[in-house]
Amino acid sequence: MKKVVQSAAEALAKVGLNDGATVLVGGFGLCGIPENLILALRELGVKNLTVVSNNAGIDDFGLGLLLQTRQIRKMVSSYVGENKLFERQYLDGELEVEFVPQGTLAERIRAGGAGIGGFYTPTGYGTPVAEGKETREIDGKMYVLEKPITGELALVKAHIGDTHGNLLYRKTARNFNQPIATAGKITIAEVEQLVPVGDLDPDQIHTPSIFVNYLLKGAHYEKRIEQRTTR
Amino acid sequence: MKNESSRERLAKRAALELQDGYYVNLGIGIPTLVANYVPEGMTVVLHSENGLLGIGPFPEDGEVDADLINAGKQTVTALPGASYFDSASSFGMIRGGHINLAILGALEVSQAGDIANWMVPGKMVKGMGGAMDLVAGAQRVVVVMTHNDKSGASKLLPECTLPLTGKRCIDLIITEKAVFEVDKQAQELVLIEKDPELSLEAIQACTAAKYRVALREPVSA
Chain A
45 MKKVVQSAAE ALAKVGLNDG ATVLVGGFGL CGIPENLILA LRELGVKNLT
95 VVSNNAGIDD FGLGLLLQTR QIRKMVSSYV GENKLFERQY LDGELEVEFV
145 PQGTLAERIR AGGAGIGGFY TPTGYGTPVA EGKETREIDG KMYVLEKPIT
195 GELALVKAHI GDTHGNLLYR KTARNFNQPI ATAGKITIAE VEQLVPVGDL
245 DPDQIHTPSI FVNYLLKGAH YEKRIEQRTT R
Chain B
34 MKNESSRERL AKRAALELQD GYYVNLGIGI PTLVANYVPE GMTVVLHSEN
84 GLLGIGPFPE DGEVDADLIN AGKQTVTALP GASYFDSASS FGMIRGGHIN
134 LAILGALEVS QAGDIANWMV PGKMVKGMGG AMDLVAGAQR VVVVMTHNDK
184 SGASKLLPEC TLPLTGKRCI DLIITEKAVF EVDKQAQELV LIEKDPELSL
234 EAIQACTAAK YRVALREPVS A
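From first to last, the protein sequence lines are chains A and B. Residue numbers 45 to 275, in my numbering, belong to the letters of the first sequence in order. Residue numbers 34 to 254, in my numbering, belong to the letters of the second sequence in order.
Because the hints were derived from the structure by calculation, they are not lab data. Treat the hints with care, since some could be wrong.
[Unchecked claim] Computed beta-carbon distance windows for the label pairs:
| hint | chain 1 | residue 1 | chain 2 | residue 2 | range |
| --- | --- | --- | --- | --- | --- |
| 1 | B | G114 | A | K58 | 27 to 37 Å |
| 2 | B | P191 | A | G176 | 35 to 45 Å |
| 3 | A | Y164 | B | L231 | 12 to 22 Å |
[Unchecked claim] Here are some chain B residues pointing at chain A (derived, C-beta under 7 Å):
| hint | residue |
| --- | --- |
| 4 | N83 |
| 5 | L85 |
| 6 | G87 |
| 7 | D100 |
| 8 | F124 |
| 9 | K159 |
| 10 | R173 |
| 11 | E214 |
Keep in mind that this is a model prediction, so the values were computed, not measured. Where a beta carbon is used, it is the ideal one built from N, C-alpha and C, also for glycine.
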């Protein structure tokens, strides 16, 4: 088993990503984003991407970097308020956006990774989100049918990984990374610490290695903070 | 009372909705301030939809951690007994009815308990975030908002005019002028508290939604 690669660029080279692909990217705001893989995606220059990610980064960090280079054609997100560049491209019609309620987004990704063909959720019933979708009453309550999300590629960031690809996240940096790790045809994980197989307690693993195809130790972590608030 | 800001008064009133042992989700803005008014001796566990139960106060300068934020992307701390989890599990807690109380802001609320708080046509839409899941899933949903918009128009309406966040999901509305319960059966509001300095006529004059009056003393915690 050889999943460990030396760099984010090497991992992407192994995938052979095409223009127009759907890429799932973990993180919430800038917390837990795969920053090295995003930079490598920018270097690679693939275009017309559909990116599924809860947020779109900020102007000069995270997914904002791929907006700068106009590599993203469509975003599937729950909230994008932190990004002026996004706003400009969206209003100019260069960028398409599909807003998905955050819980529906997480569950659609989870369903995609778990082979579920769809699910009925009460979220969004009677709102614009339900327009054009099947609704039905189950035991007296109204639900909306939502479909799974998968992608050609999933990019996640974990705190620690072992050489088999078992992953451990840290604090709230877990967020969308855990479901997204399951929903890519190919999943690449970047980690802050890479340890030999056997070093992690099997009882503590968050993402079992089966979901991870390639793994790398991130070259550099800036871990930028969006709202530094102190007492 | 006079030197207290209107925001603080709203947060204080909303805090009366807390009960010992509650798991609570607080929205961004005034709802976040409710955390400052949890009564002494009461244990309330705050949920952050990005994957934390047990939100603590903001960190000291030296303990800021980029891996530990709330849903408003602010750095926070975690209290003893806290837990971390992924986004899918987090919204399972919300949709599954495990969150006892959600407190959030609104642009409009209807007398049937509909809420609109995510989108104004013609303006840049930033997204609904977790609001649609929260209003659909929490056991009890409390709205804290100003009674009227900047032009003076009532935000309590017979029907919402903005695109909805959720239908028939609001239980209580707290404004700087009054507190209303939502009678979902009758599809009307019930005025249960008002600013003592305002007459019933003054409330009527600034409220477009249909309501009946059943004033009572605020339940103090």
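Hints, verified against the model:
1. Judged by the Cβ atoms, the range 27 to 37 Å given for G114 of chain B and K58 of chain A is violated: they are separated by roughly 43 Å.
2. The hinted range of 35 to 45 Å is not satisfied by P191 of chain B and G176 of chain A, whose Cβ atoms lie roughly 27 Å apart.
3. The given range of 12 to 22 Å is broken by Y164 of chain A and L231 of chain B, whose C-beta atoms sit roughly 44 Å from each other.
4. Residue-level restraint check for N83 of chain B holds (minimum Cβ-Cβ distance to chain A is 4 Å; threshold 7 Å).
5. Taken as an interface hint, L85 of chain B checks out: its beta carbon lies about 5 Å from the nearest beta carbon of chain A, inside 7 Å.
6. Below 7 Å, beta-carbon pairs count as interface contacts, and G87 of chain B has none with chain A, the closest being about 11 Å; its hint is therefore violated.
7. This hint holds: D100 of chain B has a C-beta 4 Å from the nearest C-beta of chain A, less than the 7 Å allowed.
8. Taken as an interface hint, F124 of chain B checks out: its beta carbon lies about 3 Å from the nearest beta carbon of chain A, inside 7 Å.
9. Restraint check, K159 of chain B versus chain A: the minimum CB separation of about 4 Å is within 7 Å; hint holds.
10. The interface hint given for R173 of chain B is violated, since its Cβ lies 15 Å from the closest Cβ of chain A, which is over the 7 Å cut-off.
11. Taking 7 Å as the C-beta contact cut-off toward chain A, the hint placing E214 of chain B at the interface is violated, the least distance being around 21 Å.
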